[in-house]
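Novice: With chain D held as given, fit chain B onto it using these hints.
One line per chain: the protein sequences are D and B, in this order. If you count by the numbering used here, then the first sequence holds residues 10 to 523, one letter each, in order. If you count by the numbering used here, then the second sequence holds residues 1059 to 1383, one letter each, in order.
The reader is advised that the hints may include incorrect statements.
Unchecked claim - Among the chain B residues that face chain D by a calculated CB cut under 8 Å, a handful are:
#1 Tyr-1251
#2 Val-1253
#3 Ile-1331
To be verified - A few chain D positions that, by computed beta-carbon distances, are all more than 10 Å from chain B:
#4 Gly-17
#5 Ser-52
#6 Ser-151
#7 Arg-240
#8 Thr-264
#9 Asp-271
#10 Met-327
#11 Thr-365
What the hints contain is simulated information worked out from the structure, not anything from laboratory work. Since this is a predicted model, take the numbers as computed values, not measurements. The beta-carbon is built from N, C-alpha and C at its ideal position, and this holds for glycine as well.
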Amino acid sequence: MNLLEVQGVVKTFPGVQALKGVSFGVEAGSVHALVGENGAGKSTLIKVCAGIESKDDGEILWKGEATDIRSPLDARNLGVGVVHQHFPQCSNLTVAQNIYLSELSKTTLRPLMWGERNQRARALLRQFGLEREPDELLSRLSIGERQVVEICKAVAMNVELIIMDEPTSALALQELESFFDLIAKLREQNITVVYVSHKLDEVFRIASRITILRDGSNVFTGSIEEVTPARVATLMAGHDVQAFERVTPVRSADTEPVLAVDGFSVSDKVTDVSLSVYPGEILGLAGLQGSGASDLMKGLFGLESEVRGTVLIDGKKMEIRTPKDAIGAGLGYVPVDRHVEGLNLIQSVAENTAITILRTLSRKRIIQRNAIRKLGERVIKMLSIRSHSPWQAVNYLSGGNQQKVVLAKWLVTNPHLLLLDDPTRGVDVGAKSEIHGILRDLVGEGKACVMTSCELPELISVSNRIITMYKGRITGEYESDAVTQEEIMHAITGAVNTGGSAGNGVREEARGDE
Amino acid sequence: MSKRQSMANSSKKALLRVFRGRETGVLMALIVLVIALSFLAKNFLSMGNIFSILRAVSFEGIAALGMMLVMITGGLDLSIASNMALSGILVSLLMVSGVPVFPAVLIAIVAGMGIGLVNGLIITRIRLGPIITTLGMMSVVRGVAFMITKGLPVVNLPSSFTALGQGLIGGVVPVPIVFFLAVAIVIHLIQRYTVFGYQLYATGGNEVASRYSGVQTAKVTLLTYVLAGALGALGGVLLIARLGVAQPSIASGYEMAIIAAVIIGGTSLNGGIGTVLGTVLGVLIIGVIRNGLVLANIGGYYIQFANGLLILTAVVINRLRGIQS
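Next comes chain D alone, as it looks inside the complex:
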């Protein structure tokens, strides 16, 4: 029998029908993947099941009986726990205080002693392999550890079903394995898991059943064995997803590299990095959190203060101290967090795009609104941004379209080299391949890109060459055609010899091929 059954659930927000009658069942004891592109309705569906949003129509059955989940409290009382994507927590409280937040949800003046609760919390933490003390402040924990706390919080409420909304999007690569262990432990305890994601490799690794949502409707539900990743991607997108075709970079002996970096260091985060990027090339920087890959990009773009080493762009030596210098030198930088670093969310598509080239859009220091509008219209068309007008606030765009706006604001500067820190983070399959297409078009014009990605398969398939980093140093260089995910994993986790000479050796070897 199905533990949870959703029947014809409809939810309409002003201007958009988020759920158009979704039906699916979750078998008890299964790990049920819920996949779909951004905007397919996954988050809304979860919020309805968790009592955060009310449904307009349809039914939710719990163990075969119709129920009415009107608040997070109702959901919890049934036995449904939710681990949200950016799981909100109280970092000013201790680990145990966070774990028992749900249990102590009734507002009373009842006396509250933490001794015994801390004991229980410790047992729970150990059970899920977290060596932290219950009275430690949550702010001292890493994101991965906080997620374990969030799951303990659900388990502490004796839930039978845990819904996880893109649980791995917040995790660093090295935290993934322990996360999969944790899912296994939940299964051992007979807790059913609904796993929302659009990372298909993860889904195929842990899920036993899968439901695919597209555009507010369910298009497939069944056992994971019935489908292949390619089939799921097609069902999610509603059309065939094309494999990425790389451009062949120009890399002959007398080609001037677009970017040549020598002995580059950024405070204690990047040490003595030397690399070159050639016209038509996408260079992948592979590294875990703290590897220095992101810091290298920031350093190149003039966002770090303690920078040493030489930087040549198109053969000319450049002193880049500020982003303004970097833009002048022909660089563009797509930061890792578009909400915080990439966009002004309350401004429009046109305004966000215009910010990098305000000078050319103004006459005698007076901004030409008309020119900004035209620019907005142009990039909307060029990158097929789904926005009904150039003046629409980017706040209301989906993640993928927001990311396209970030790309747009750099493309309009006509950069020689684009630095992209995980440019497809949190965007859906369709938008992802569109972004890849934009990058391919860019390098096709003889420009170059340096990018990172938290997904190694993506990095391997998109980039021509991959440089691996570990603890701020380059540990290897690989042609993407001739490398496996495993080799790169070794190089970025420090499993190979990380001495400077070995790294250089690999690099020289690769150069020798030219």
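Specialist: Here is chain B on its own, set in the frame of chain D:
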């Protein structure tokens, strides 16, 4: 590990916590101030003056504890000083028209709670910002105080009432201090040892997380405004008892000193952080400066300047502390 060792360990931990705590800096500042002023002003450290400082801060101190509760949820109550004035007027008018002291005080406090309730309802239901809501309420309440008195002071308050503000317990300890201390202890116990206290910090720390966890954060927030209303009213009633006359203009501008005290005491403007001990110390610092500047003949005109400087210093220190951690 032996039991003694572990005990030594835990007491060491507790000691460390005291030194790392936000209150320690405030305490140090207070001590430095007291030492400095004891040199500058002759009578500063006399028993009489110490009690006079303590009594002088009790009224705002009680209100500050209410303000602290509101601020821990991330809110603010600008109407608290007007609330003090109106409740003082109310209790006086009631007594002058023949209502006995105890019910009159009770009614005034309930009225204060009512003001807090309206603040809280507007903020949690209509989701208006706390600053704009309580700024409006500040004016409305002050206006009511003027309207019902026609701007005239209420006099001839019964001595059984003024004893609440002017009386001495055992001939030494002024009554308002006892009220202040009692309120401080009760609030501390509530914060530290009740579910509500815990939810208060949770709501201030992350309202969304708490709401998603089933905590009725709107209710928790609402309650803090009601409590602030009650404590503001109590402070106002005691203040009028101390002065013996109820003027509608009384306590004007007190909200700034109260907010200053709470911030100096280490309560975070972003919510989630704040203690009774810190707030009491913050109130004392303001009281000591006010008293010391007058006694040292530097003059009352410098008080506002000193308070302002103090707020900025406290906020900068908290900010630096935040950056460090």
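Novice: Against the structure shown, which of the earlier numbered hints fail to hold, in ascending order?
Specialist: none
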